[in-house]
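**Student:** Here is what each chain is made of, one letter per residue.
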Amino acid sequence: MSINILVFTEFQEGEGFKKSSREALGAARRIVDEAGGGEVSAVAVSDKAADFPSTLAALGADKVLCAERPEFCVYSPGGYAAAVVAAVELVKPAAVLVPGTAPGKDLAPRVSARLGAPAATDCVAVELDGDKIVAVRPAYTGKVQMRVGFKSSPAILCLRPNVFMPEPEDKSRNAETVLLNLELTEKDLALKITGLEKQDSERPDVAEADLIVSGGRGMREPEGFRLLEELSKVLGAGIGASRAAVDAGWRPHSDQVGQTGKSVSPSLYVACGISGAVQHLAGMIGSKCIVAINKDPESPIFKVANYGVVGDVYQVLPALIEELKKGS
Amino acid sequence: MNIIVFVKQVADTEARVQIAENGTSIDTRDINFILNPFDEFAVEEALRTREKLGGQVTAISLGSESAASVIRTALAMGADQGLLLKTDLQCDDPLQAARALAAEIAGSEFDVAFFGKQAVGNDHGQVGILVAELIGVPGISMVSELEVTPDGVRGKREVEGGTESFECSLPAVIATQKGLNEPRYASLKGRMAAKKKTIEEKEVSLAEPVLVVEACNYPPQRERGRILGQGTEAVPELVRCLREEAKVI
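Line by line, the protein sequences are chains E and C. Quick note: the first sequence uses my numbering, first residue 1, plus one each step. Quick note: the second sequence uses my numbering, first residue 1, plus one each step.
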């Protein structure tokens, strides 16, 4: 069987192709391998997309479609959607994989509407059922996993970051390059992104971080998060927060993990002073390893933690920071 | 200003969630239904826009008869009138829902249409942008700051590690992020006044879904963990486990 998969990729100045893009390419390669043949195409949209083909080839692409325009130095919702639609029309893929980042989650419904094609967000697995694509995604505060099927083509899948494995780099792989000529309409350009404000650029964003330290009401006061900031520096981790910490005004909403916050799948999630309410678990139950530090041994978080420490965060965290510094 | 706010009735999943006998949905018998939490911010923003610029706010919901209750909540918060797009079909396909909503408002000369950024339960987070694209107007989600004027909208949306500023002209679709504003409570006075407001009802037929739930399963059980100890004594063992057992650091 032969199957074509198109992958939307994002390039970050100073970082290269984002990890979530490399994960999506890896997922695409695996589907093509499982099908026994086919092609992985990557679409790159940027003001310097023409530089990308060889890098994308090494990351798993057989074909690279470049949409290059000076305006594309920033995300352009309509412009990027037009580029992906143009790529779909050329490649006619069975599926389009989109990393579940902010641009990706914005893009997927736009492409869905323009093509009349079904899109599933927050996919944590992709399978082939015969020749059909099937996605698995969490729902209902993570208490249920839904297997979803796509009744028309292409299937659009927005992938949760940090779940899929990137393809090992292979610099010997070659990719065919195609330059996309885009006709952008007034509607495409109606919504303008006019600027970007980045916070702490050192720390990984909680939605993409592979290690997360997170604080809740048990931190007792906003200054307590300084301990988490120190711990995050030692681990190279992102910082999350429970709803209680956000509602108390201690942390911005963008740090919130949970049903009305972010869903994360890190390798390690350290929950500090977090009781483990259902709505919080919804956001982090996909973590590979959960550590809970809490004064109350009856806290529900201990039921889901791989490792638990019953104690005061103000004593345990400084000790943990010291212990970690020792080993490194 | 002609302001629309879309509201959805969702399951309150505080309680246990059980998979229904058909295996493709959840059992709704013992479930409490509520206004989608993200929609509260949408309703509040709609009301603030009316307070600033005048006009009226219409709250619209796609759902069964029971969805009228979330429209009534919006009316109690201050919306002027409601519309129930009635269907008894379980709608799990965002595009299917968006097509019905877009068909309803496409001809209607609205200025701003507000959505919550996602409906808890299905958590697709697509319908706001789908509707904007289907109608052909600018639409944006994850909105954390907003300024609406008679000429257009300006605001910010959340992205990884920061915010993006955006602008566009009206009409526009805005999908609100939590924290955009602080939603008001429906006061007793508001709830009394809501009883006098109208909720129009229209039967709608939905297009065939293109995204279908083939099965619902319970996620695999997590491996049982253990408590390593109390206080600082447990720390060396914790670090050892993370390094050697779990191998995550």
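Treat the hints as calculated values from the structure; they're not laboratory data. Think of the CB as a built atom: it goes at the ideal place given N, C-alpha and C, for glycine as much as any other residue. You may find that some hints are simply not true.
[Stated by the list, open to error] The calculated DSS-like cross-link candidates involving lysine-lysine, where the alpha carbons are at most 30 angstroms apart (straight line), are:
| # | chain 1 | residue 1 | chain 2 | residue 2 |
| --- | --- | --- | --- | --- |
| 1 | E | Lys233 | C | Lys247 |
| 2 | E | Lys288 | C | Lys86 |
| 3 | C | Lys196 | E | Lys171 |
| 4 | E | Lys171 | E | Lys18 |
| 5 | E | Lys143 | E | Lys92 |
| 6 | E | Lys143 | C | Lys247 |
| 7 | E | Lys303 | C | Lys247 |
| 8 | C | Lys247 | E | Lys18 |
| 9 | E | Lys198 | E | Lys233 |
[Said to hold, decoys possible] Label pairs and their calculated CB-CB ranges:
| # | chain 1 | residue 1 | chain 2 | residue 2 | range |
| --- | --- | --- | --- | --- | --- |
| 10 | E | Pro252 | C | Arg222 | 26 to 34 angstroms |
| 11 | E | Lys288 | C | Gly136 | 22 to 30 angstroms |
| 12 | E | Lys171 | C | Ser66 | 57 to 65 angstroms |
| 13 | E | Lys171 | C | Ala20 | 48 to 56 angstroms |
| 14 | E | Lys92 | C | Arg222 | 35 to 43 angstroms |
| 15 | C | Glu245 | E | Pro297 | 16 to 24 angstroms |
| 16 | E | Lys132 | C | Pro219 | 19 to 27 angstroms |
| 17 | C | Arg222 | E | Pro297 | 35 to 43 angstroms |
[What the hints assert, rightly or not] Simulated coverage check for chain E against chain C, where a stretch passes if three residues somewhere in it have a Cβ under 8 angstroms from a Cβ of chain C:
| # | stretch |
| --- | --- |
| 18 | 109-117 |
| 19 | 250-263 |
**Student:** Hint by hint, say whether it matches the structure.
**Tutor:** Here's how the hints hold up against the structure:
no., hint, result
1, Lys233/E to Lys247/C, "19 angstroms, holds"
2, Lys288/E to Lys86/C, "42 angstroms, violated"
3, Lys196/C to Lys171/E, "70 angstroms, violated"
4, Lys171/E to Lys18/E, "18 angstroms, holds"
5, Lys143/E to Lys92/E, "35 angstroms, violated"
6, Lys143/E to Lys247/C, "27 angstroms, holds"
7, Lys303/E to Lys247/C, "21 angstroms, holds"
8, Lys247/C to Lys18/E, "24 angstroms, holds"
9, Lys198/E to Lys233/E, "18 angstroms, holds"
10, Pro252/E to Arg222/C: 26 to 34 angstroms, "29 angstroms, holds"
11, Lys288/E to Gly136/C: 22 to 30 angstroms, "43 angstroms, violated"
12, Lys171/E to Ser66/C: 57 to 65 angstroms, "59 angstroms, holds"
13, Lys171/E to Ala20/C: 48 to 56 angstroms, "51 angstroms, holds"
14, Lys92/E to Arg222/C: 35 to 43 angstroms, "41 angstroms, holds"
15, Glu245/C to Pro297/E: 16 to 24 angstroms, "22 angstroms, holds"
16, Lys132/E to Pro219/C: 19 to 27 angstroms, "23 angstroms, holds"
17, Arg222/C to Pro297/E: 35 to 43 angstroms, "18 angstroms, violated"
18, 109-117, "holds (count 7)"
19, 250-263, "holds (count 8)"
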